[in-house]
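J.: Next come the chains, spelled out residue by residue.
Protein chains: 2
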Amino acid sequence: MSKILIIEDEEAIADLEKDYLELSDFEVAIENTGDKGLETALSGKFDLVILDLMLPGMDGFEVCKKIREEKNIPIIMVSAKKDDIDKIRGLGLGADDYMTKPFSPSELVARVKAHMARYDRLVGSSQKMNDIIEIRGLKIDKTARRVYVNGEERIFTTKEFDLLTFLAENPNHVYSKEELFREIWDMDSIGDIATVTVHIKKIREKIEFDTAKPQYIETIWGVGYRFKI
Amino acid sequence: MSKILIIEDEEAIADLEKDYLELSDFEVAIENTGDKGLETALSGKFDLVILDLMLPGMDGFEVCKKIREEKNIPIIMVSAKKDDIDKIRGLGLGADDYMTKPFSPSELVARVKAHMARYDRLVGSSQKMNDIIEIRGLKIDKTARRVYVNGEERIFTTKEFDLLTFLAENPNHVYSKEELFREIWDMDSIGDIATVTVHIKKIREKIEFDTAKPQYIETIWGVGYRFKI
DNA sequence: GCATTTTTTAATAAATTTTTTATAAGTTTA
DNA sequence: TAAACTTATAAAAAATTTATTAAAAAATGC
Numbered sequence: 001m002s003k004i005l006i007i008e009d010e011e012a013i014a015d016l017e018k019d020y021l022e023l024s025d026f027e028v029a030i031e032n033t034g035d036k037g038l039e040t041a042l043s044g045k046f047d048l049v050i051l052d053l054m055l056p057g058m059d060g061f062e063v064c065k066k067i068r069e070e071k072n073i074p075i076i077m078v079s080a081k082k083d084d085i086d087k088i089r090g091l092g093l094g095a096d097d098y099m100t101k102p103f104s105p106s107e108l109v110a111r112v113k114a115h116m117a118r119y120d121r122l123v124g125s126s127q128k129m130n131d132i133i134e135i136r137g138l139k140i141d142k143t144a145r146r147v148y149v150n151g152e153e154r155i156f157t158t159k160e161f162d163l164l165t166f167l168a169e170n171p172n173h174v175y176s177k178e179e180l181f182r183e184i185w186d187m188d189s190i191g192d193i194a195t196v197t198v199h200i201k202k203i204r205e206k207i208e209f210d211t212a213k214p215q216y217i218e219t220i221w222g223v224g225y226r227f228k229i
Numbered sequence: 230m231s232k233i234l235i236i237e238d239e240e241a242i243a244d245l246e247k248d249y250l251e252l253s254d255f256e257v258a259i260e261n262t263g264d265k266g267l268e269t270a271l272s273g274k275f276d277l278v279i280l281d282l283m284l285p286g287m288d289g290f291e292v293c294k295k296i297r298e299e300k301n302i303p304i305i306m307v308s309a310k311k312d313d314i315d316k317i318r319g320l321g322l323g324a325d326d327y328m329t330k331p332f333s334p335s336e337l338v339a340r341v342k343a344h345m346a347r348y349d350r351l352v353g354s355s356q357k358m359n360d361i362i363e364i365r366g367l368k369i370d371k372t373a374r375r376v377y378v379n380g381e382e383r384i385f386t387t388k389e390f391d392l393l394t395f396l397a398e399n400p401n402h403v404y405s406k407e408e409l410f411r412e413i414w415d416m417d418s419i420g421d422i423a424t425v426t427v428h429i430k431k432i433r434e435k436i437e438f439d440t441a442k443p444q445y446i447e448t449i450w451g452v453g454y455r456f457k458i
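Chains as they are written, first to last, in my numbering: chain A, 1 to 229; chain B, 230 to 458.
It should be emphasised that the hints constitute simulated quantities derived from the structure, not laboratory data. Ideal Cβ placement from N, Cα and C applies to all residues, glycine included. Hints are supplied without guarantee of correctness; some may be wrong.
Just some of the chain A residues that point at chain B, by a computed CB distance under 7 Å [stated by the list, open to error]:
#1 N72
#2 A110
#3 R121
#4 V123
#5 V174
#6 A194
Computed, partial: chain B to chain A, Cβ under 10 Å [as the list claims (entries may be wrong)]:
#7 R297
#8 E299
#9 D370
Pairs of lysine-lysine residues, derived as DSS-like cross-links and limited to a Cα-Cα distance of at most 27 Å, are as follows [what the hints assert, rightly or not]:
#10 A:K228 x B:K295
#11 B:K310 x A:K87
#12 B:K368 x A:K87
#13 B:K368 x A:K228
#14 B:K247 x A:K213
#15 B:K310 x A:K82
Kindly produce the complete structure, drawing on both the sequences and the hints.
T.: Laid out in structure tokens, this is it:
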């Protein structure tokens, strides 16, 4: 579930926004000063910030700039004055959206959803965050480091597991043996790349029905390997 | 330098936008129908699209949806009616911004810059490469290294894929066999150029309906080959 | 420190791609 | 239209890449 931080000193407005957002299944927290707002935003617990321009303590400009120095999360700036909006837009502080009060709560919700969707789309939080990857008969439990094929567990060694997981997390992307080596072995692949081939073979023996006709890890001749989704 | 595609049927407006964007050092192309706009947007050469809602042929809604199915690049939707804007925002088509005509050119430029900046910030120049090239029935997925003709996958070897991709990325440009050899084989063409001909033939067998009347890769007699757009 | 497991290396076999070659077919030009 | 030249086609030979196997080396656990 997504978490939203509202930084706003007018309590009535903040509560109204909170109510509407909660109706759309967001989890909402409120801070009413710039300093505390900034601190909370930087805690890393929130997925989006709604930030009022006029604040006691540090003002909205400054808060926005400081958040942006450390975080890429969407920031929606809110102001009572249309002129202010034009001004901050021009400043290029890195806010993602601007709204003039008063605005309809449903518009706020729509904008929040749109920004979340874009952020997910671009940053791609989808499958990578999940602990369990499931593709056809294959199930990878990342925290438990277990692999199941059609419900039956297969025992994987460390490197095998890491390699399979990396490929499964980035399906449909062709990786060269060099790239895979760098990724899993954390080394600039001056070393020998042959070990990647051997590991691929061992993984295939464990997850494929017929290693000659792989259903999961395909060979792209002359290029590398690709996890087929 | 960033490339912007304007999809707009009113020539005067499109030209005005173009002029202003060019003053800010963007490279700008204009399409004036929905269908052509979509095709160009999917070509993979543009970093941002400015899309009018009212268009001859396919309308802006549809174009937006179709672009979003394959591309994550920013889309700014433009409409004469405020009501339309509210409507499309609600639809969640995946547009990144909405502007109501008339708007000041400087505001357009500011928004374009803001969207570019965010896109770069979130996606990072690493992954930013345009993955999918689509021209008529032909679709090339560069990271997956897959080619589809009318939705059906065709299996390509490395050299075939590289050659096709190079030509498709540089359409309407005639390349001699020597140039293609240098480009794909990374060699000063001391070697034999005949292999280019053979590869072209193999590619045509896979993507053309009738290899004697190629729709994609044309032969320019005595000169070389050209990918027709 | 020893036994066991995992990882890497290395050599060979198998598979696939790429290039070469020869010939046919199509254009251009005089 | 014939000659000269360029490209298309097909098939084989060559080169490259990956799969497989087994054994050596390294790491791990007790």
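J.: All the hints need checking, so say for each whether the structure fits it.
T.: The hints, checked one at a time:
1. N72: holds, 6 Å
2. A110: holds, 5 Å
3. R121: Holds: closest Cβ of chain B sits about 6 Å from R121 of chain A, inside 7 Å.
4. V123: holds, 6 Å
5. V174: holds, 5 Å
6. A194: violated, 20 Å
7. R297: holds, 8 Å
8. E299: violated, 12 Å
9. D370: holds, 8 Å
10. A:K228 x B:K295: The hint holds at about 24 Å.
11. B:K310 x A:K87: The given pair, whose Cα atoms are some 25 Å apart, holds under the 27 Å limit.
12. B:K368 x A:K87: violated, 43 Å
13. B:K368 x A:K228: Roughly 18 Å separates the two Cα atoms, so the pair holds.
14. B:K247 x A:K213: violated, 52 Å
15. B:K310 x A:K82: holds, 20 Å
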